[in-house]
Amino acid sequence: RKEVEQDPGPFNVPEGATVAFNCTYSNSASQSFFWYRQDCRKEPKLLMSVYSSGNEDGRFTAQLNRASQYISLLIRDSKLSDSATYLCVVNDYGGSQGNLIFGKGTKLSVKP
Amino acid sequence: DAGITQSPRHKVTETGTPVTLRCHQTENHRYMYWYRQDPGHGLRLIHYSYGVKDTDKGEVSDGYSVSRSKTEDFLLTLESATSSQTSVYFCAITPGLQGSSLQFFGPGTRLTVL
Numbered sequence: 001r002k003e004v005e006q007d008p009g010p011f012n013v014p015e016g017a018t019v020a021f022n023c024t025y026s027n028s029a030s031q032s033f034f035w036y037r038q039d040c041r042k043e044p045k046l047l048m049s050v051y052s053s054g055n056e057d058g059r060f061t062a063q064l065n066r067a068s069q070y071i072s073l074l075i076r077d078s079k080l081s082d083s084a085t086y087l088c089v090v091n092d093y094g095g096s097q098g099n100l101i102f103g104k105g106t107k108l109s110v111k112p
Numbered sequence: 001d002a003g004i005t006q007s008p009r010h011k012v013t014e015t016g017t018p019v020t021l022r023c024h025q026t027e028n029h030r031y032m033y034w035y036r037q038d039p040g041h042g043l044r045l046i047h048y049s050y051g052v053k054d055t056d057k058g059e060v061s062d063g064y065s066v067s068r069s070k071t072e073d074f075l076l077t078l079e080s081a082t083s084s085q086t087s088v089y090f091c092a093i094t095p096g097l098q099g100s101s102l103q104f105f106g107p108g109t110r111l112t113v114l
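These protein sequence lines map, in sequence, to chains A and G.
Sequential numbering from 1 applies to the first sequence in our numbering.
Sequential numbering from 1 applies to the second sequence in our numbering.
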């Protein structure tokens with residue numbers, strides 16, 4: 001069974017801290033990778049896509065290591081509003097299309 | 001905003017009763033999905049649709065059926081609800097970006113089966 005594994009946390013960090021989440025995936029043929037954010041009792045929302053060269057969006061940086069089948073998300077200068085569960089998501093077969101497989105999520109709590 | 005609504009947003013029902021959840025989208029997306037989310041599990045795909053009257057099973061399809069008679073509506077039916085189907089159900093769409101599997105989600109339906 002194709003899987004996406006994440007550390008469930010929780011990660012409890014102070015405001016301003018840098019925090020990193022990691023995830024591994026089992027399907028070496030996957031080509032689409034995403035990080036979603038899910039607030040309590042809400043739907044998942046796309047945080048960012050993850051590209052082979054790595055990509056950055058403000059305080060958020062995503063990295064992909066295809067050889068190790070490993071994805072990371074780095075959050076710098078954490079804000080209280082970053083508190084949420086972060087889902088690592090991978091498409092389930094070769095190519096960039098196909099259905100998605102979701103990790104169980106990593107919970108982040110940013111404290112004052 | 002992906003223009004997705006789900007109804008009802010909350011429902012409590014009894015074991016053995018039929019339940020239908022509706023997902024409605026306003027932007028003519030071809031692909032639509034139903035997921036369930038439970039503590040200790042990631043989102044799990046129940047069924048998906050790739051066009052009107054074209055549907056297929058996902059990972060956890062047992063006990064569920066779907067229908068898509070028009071582009072904008074994707075219905076999920078529990079023919080005879082069981083307590084194990086107590087969950088949060090999310091509908092999703094894939095926008096028309098060529099070669100992309102990116103999905104956007106509706107607000108969810110919280111279903112409790114007593």
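Just so you know, these hints were derived from the structure itself, not from any lab.
Careful: at least some of the hints might be erroneous.
To be verified - Below, in silico cross-link-like pairs of lysine-lysine (BS3-like), each with a Cα-Cα straight-line distance of 27 Å or less:
hint, chain 1, residue 1, chain 2, residue 2
1, G, K70, A, K107
2, G, K57, A, K2
3, G, K57, A, K45
4, G, K57, A, K42
5, G, K70, A, K2
6, G, K70, A, K104
7, A, K104, G, K11
What the hints assert, rightly or not - Covered by chain A, per the in silico footprint, the following chain G stretches (three or more residues, Cβ under 8 Å):
hint, region
8, 20-26
9, 63-77
Idealized CB from N, CA, C, for every residue including glycine.
request  = Would you pick out the hints that fail for this structure and give their numbers low to high?
outcome  = 1, 5, 6, 8 and 9
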